[in-house]
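2 protein chains.
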Amino acid sequence: MTALGRHVLIEFYGCPSDIIENNALIEKFMRGAADYSGATIVESVFHHFNPYGVSGAVIIAESHLTIHTWPEYGFASVDVYTCGDSVNPWKAADYLSEKLQAKKTESFEVPRGMVDKIRQFAEQEIEEVKVKPQELEGVK
Amino acid sequence: MTALGRHVLIEFYGCPSDIIENNALIEKFMRGAADYSGATIVESVFHHFNPYGVSGAVIIAESHLTIHTWPEYGFASVDVYTCGDSVNPWKAADYLSEKLQAKKTESFEVPRGMVDKIRQFAEQEIEEVKVKPQELEGVK
Chain A
119 MTALGRHVLI EFYGCPSDII ENNALIEKFM RGAADYSGAT IVESVFHHFN
169 PYGVSGAVII AESHLTIHTW PEYGFASVDV YTCGDSVNPW KAADYLSEKL
219 QAKKTESFEV PRGMVDKIRQ FAEQEIEEVK VKPQELEGVK
Chain B
119 MTALGRHVLI EFYGCPSDII ENNALIEKFM RGAADYSGAT IVESVFHHFN
169 PYGVSGAVII AESHLTIHTW PEYGFASVDV YTCGDSVNPW KAADYLSEKL
219 QAKKTESFEV PRGMVDKIRQ FAEQEIEEVK VKPQELEGVK
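Order-wise, the sequence lines are chains A and B. The opening position of the first sequence corresponds to residue 119 in the numbering used here, with each subsequent residue numbered one higher. The opening position of the second sequence corresponds to residue 119 in the numbering used here, with each subsequent residue numbered one higher.
You may find that some hints are simply not true.
[Stated by the list, open to error] Cross-link-like lysine-lysine pairs, in silico, DSS-like; alpha carbons within 27 Å at most:
| hint | chain 1 | residue 1 | chain 2 | residue 2 |
| --- | --- | --- | --- | --- |
| 1 | B | Lys-221 | A | Lys-221 |
| 2 | B | Lys-235 | A | Lys-248 |
| 3 | A | Lys-217 | B | Lys-146 |
| 4 | B | Lys-209 | A | Lys-235 |
| 5 | B | Lys-235 | B | Lys-146 |
| 6 | A | Lys-217 | B | Lys-235 |
| 7 | B | Lys-235 | B | Lys-248 |
| 8 | B | Lys-221 | A | Lys-235 |
| 9 | A | Lys-222 | B | Lys-248 |
| 10 | B | Lys-248 | B | Lys-209 |
| 11 | A | Lys-248 | B | Lys-222 |
| 12 | B | Lys-209 | B | Lys-146 |
| 13 | A | Lys-235 | A | Lys-146 |
| 14 | B | Lys-222 | B | Lys-235 |
| 15 | A | Lys-235 | A | Lys-221 |
| 16 | A | Lys-222 | B | Lys-217 |
| 17 | B | Lys-146 | B | Lys-248 |
| 18 | A | Lys-221 | A | Lys-146 |
| 19 | B | Lys-222 | A | Lys-235 |
| 20 | B | Lys-217 | A | Lys-221 |
| 21 | A | Lys-248 | B | Lys-209 |
| 22 | A | Lys-209 | B | Lys-146 |
| 23 | B | Lys-248 | A | Lys-235 |
[Said to hold, decoys possible] Over the 10 Å line for every Cβ pair with chain A, so calculated as not near, a few chain B residues:
| hint | residue |
| --- | --- |
| 24 | Met-119 |
| 25 | Glu-145 |
| 26 | Arg-149 |
| 27 | His-182 |
| 28 | Gly-192 |
| 29 | Ser-204 |
| 30 | Trp-208 |
| 31 | Lys-209 |
| 32 | Ala-240 |
FYI, nobody ran anything at the bench for these hints, they're computed from the structure. The structure displayed is predicted, hence computed values, not measured ones. Glycine included, C-beta positions come from ideal geometry on N, C-alpha and C.
Pulled out of the complex, with its shape left as it was, chain A reads as follows (with noise of 0.2 Å):
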């Protein structure tokens, strides 16, 4: 393991402005998106702003899970950040794309936790680095 993380960054362009308007709707998929990845669901908490566009996050026990949208513009911007080899960050990308019916979709992975510096500035010598317990066992 070289790193602790994996985070996708994605750009969903061209998206029906009905779907991406509605606050329910957004949450049902972000938390859909977390399920379907894999991923222990802690919380969730989703905004509507006036006049438009939804921003929310999902914690959950593997990181989180975050979107912006502009309905006006057809817009929305997710990350999904996930801890440990049960999830899989791109399962949730996938979902989203599939649900947010984006004509355009852009995306990258960014390695979070490069293992080498943990054990580099640790206060104390590490035996081995691991993912947090709670992301093998679920959230206690």
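Starting from the known structure of chain A, fit chain B onto it as the hints suggest.
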């Protein structure tokens, strides 16, 4: 304007574990970082994991801040995503760098929501791409 948003990804290595283990302190620092950057806080959610670690998100009118901490490794992983000229994500990054007392900080910025692609794939012609109105006028 070439992009709607600026997304700064930051890794804080070698943080004192008593700081990044403290859920209340982390929430205070994250909300403080949002304030310091000029953002308008909409909602926040923080969770303390058993046996250790904090995950949280602050939804701001201009997008979000998130954090995940591994006190056992002295590591904290932060995202600051902002839209509009009224907020500077690097101010939040600097604020957290001081508060989390990292021995080593690594960060980079990703542009989010490319204006040319928004125009290209929007359902109707867009005269001028602007950040959300509420980003300029605060949350209504």
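Going down the list of hints, with the structure as the test:
1. Taken as a hint, the Lys-221/B and Lys-221/A pair is broken in the structure, with Cα atoms around 44 Å apart against an allowance of 27 Å.
2. For the suggested pair Lys-235/B and Lys-248/A, the alpha carbons sit about 39 Å apart, so the restraint of at most 27 Å is broken.
3. For a cut-off of 27 Å, the pair hint linking Lys-217/A to Lys-146/B is broken: about 35 Å separates their Cα positions.
4. With a C-alpha separation of about 24 Å, the suggested pair Lys-209/B and Lys-235/A falls inside the 27 Å cut-off, and the hint holds.
5. For the hint linking Lys-235/B to Lys-146/B, the alpha-carbon distance of about 37 Å lies beyond 27 Å, and the restraint is violated.
6. Between Lys-217/A and Lys-235/B, the direct Cα distance comes to roughly 20 Å. Compliance with the 27 Å bound is thereby established for this hinted pair.
7. Between Lys-235/B and Lys-248/B, the direct Cα distance comes to roughly 14 Å. Compliance with the 27 Å bound is thereby established for this hinted pair.
8. Between Lys-221/B and Lys-235/A the alpha-carbon distance is near 11 Å, which keeps this suggested pair within the 27 Å criterion.
9. Taking the CA atoms of Lys-222/A and Lys-248/B, the gap is about 20 Å. The hint holds against a cut of 27 Å.
10. Proximity of Lys-248/B to Lys-209/B is assessed by CA-CA distance (about 22 Å); at most 27 Å being required, the pair is judged to hold.
11. Under the criterion of a C-alpha separation no larger than 27 Å, the hint pairing Lys-248/A with Lys-222/B is consistent with the structure, at around 20 Å.
12. About 16 Å separates the Cα atoms of Lys-209/B and Lys-146/B, which keeps this hinted pair within 27 Å; it holds.
13. Taken as a hint, the Lys-235/A and Lys-146/A pair is broken in the structure, with Cα atoms around 37 Å apart against an allowance of 27 Å.
14. Restraint check: the Cα-Cα separation between Lys-222/B and Lys-235/B comes to about 36 Å, which exceeds 27 Å; the hinted pair is violated.
15. Between Lys-235/A and Lys-221/A the alpha-carbon distance is near 39 Å, which puts this suggested pair outside the 27 Å criterion.
16. Annotation: proposed proximity of Lys-222/A to Lys-217/B is violated, straight-line Cα distance about 40 Å (limit 27 Å).
17. For a cut-off of 27 Å, the pair hint linking Lys-146/B to Lys-248/B is broken: about 31 Å separates their Cα positions.
18. Pair hint Lys-221/A plus Lys-146/A holds up; C-alpha atoms about 21 Å apart against a cutoff of 27 Å.
19. Between the alpha carbons of Lys-222/B and Lys-235/A the distance comes to roughly 9 Å, so the proposed pair stays at or under 27 Å and holds.
20. Of the supplied pair hints, the one linking Lys-217/B and Lys-221/A is violated, its CA atoms being roughly 42 Å apart against a limit of 27 Å.
21. Between the alpha carbons of Lys-248/A and Lys-209/B the distance comes to roughly 31 Å, so the proposed pair goes past 27 Å and is violated.
22. About 33 Å separates the Cα atoms of Lys-209/A and Lys-146/B, which puts this hinted pair outside 27 Å; it is violated.
23. Pair hint Lys-248/B plus Lys-235/A does not hold up; C-alpha atoms about 39 Å apart against a cutoff of 27 Å.
24. Every Cβ of chain A is farther than 10 Å from the Cβ of Met-119/B; the closest lies at roughly 12 Å, confirming the non-interface assignment.
25. For Glu-145/B, the requirement that its beta carbon stay farther than 10 Å from each beta carbon of chain A is met, with the minimum near 12 Å.
26. A cut-off of 10 Å between C-beta atoms confirms that Arg-149/B is not in contact with chain A; the least separation is 14 Å.
27. A beta-carbon of chain A is positioned within 10 Å of the beta-carbon of His-182/B; the least distance is around 5 Å.
28. Distance check on Gly-192/B: its Cβ comes as close as 5 Å (rounded) to a Cβ of chain A, failing to clear the 10 Å threshold; non-interface status is violated.
29. At roughly 15 Å, the least C-beta separation between Ser-204/B and chain A is larger than 10 Å, which holds for a residue marked as non-interface.
30. Every beta carbon of chain A lies more than 10 Å from that of Trp-208/B, the smallest distance being close to 18 Å; the non-interface claim holds.
31. Non-interface status of Lys-209/B relative to chain A is upheld: no Cβ of that chain comes within 10 Å, the nearest being about 20 Å off.
32. Listed as a non-interface residue, Ala-240/B fails to keep its Cβ farther than 10 Å from every Cβ of chain A; the least gap is roughly 5 Å.
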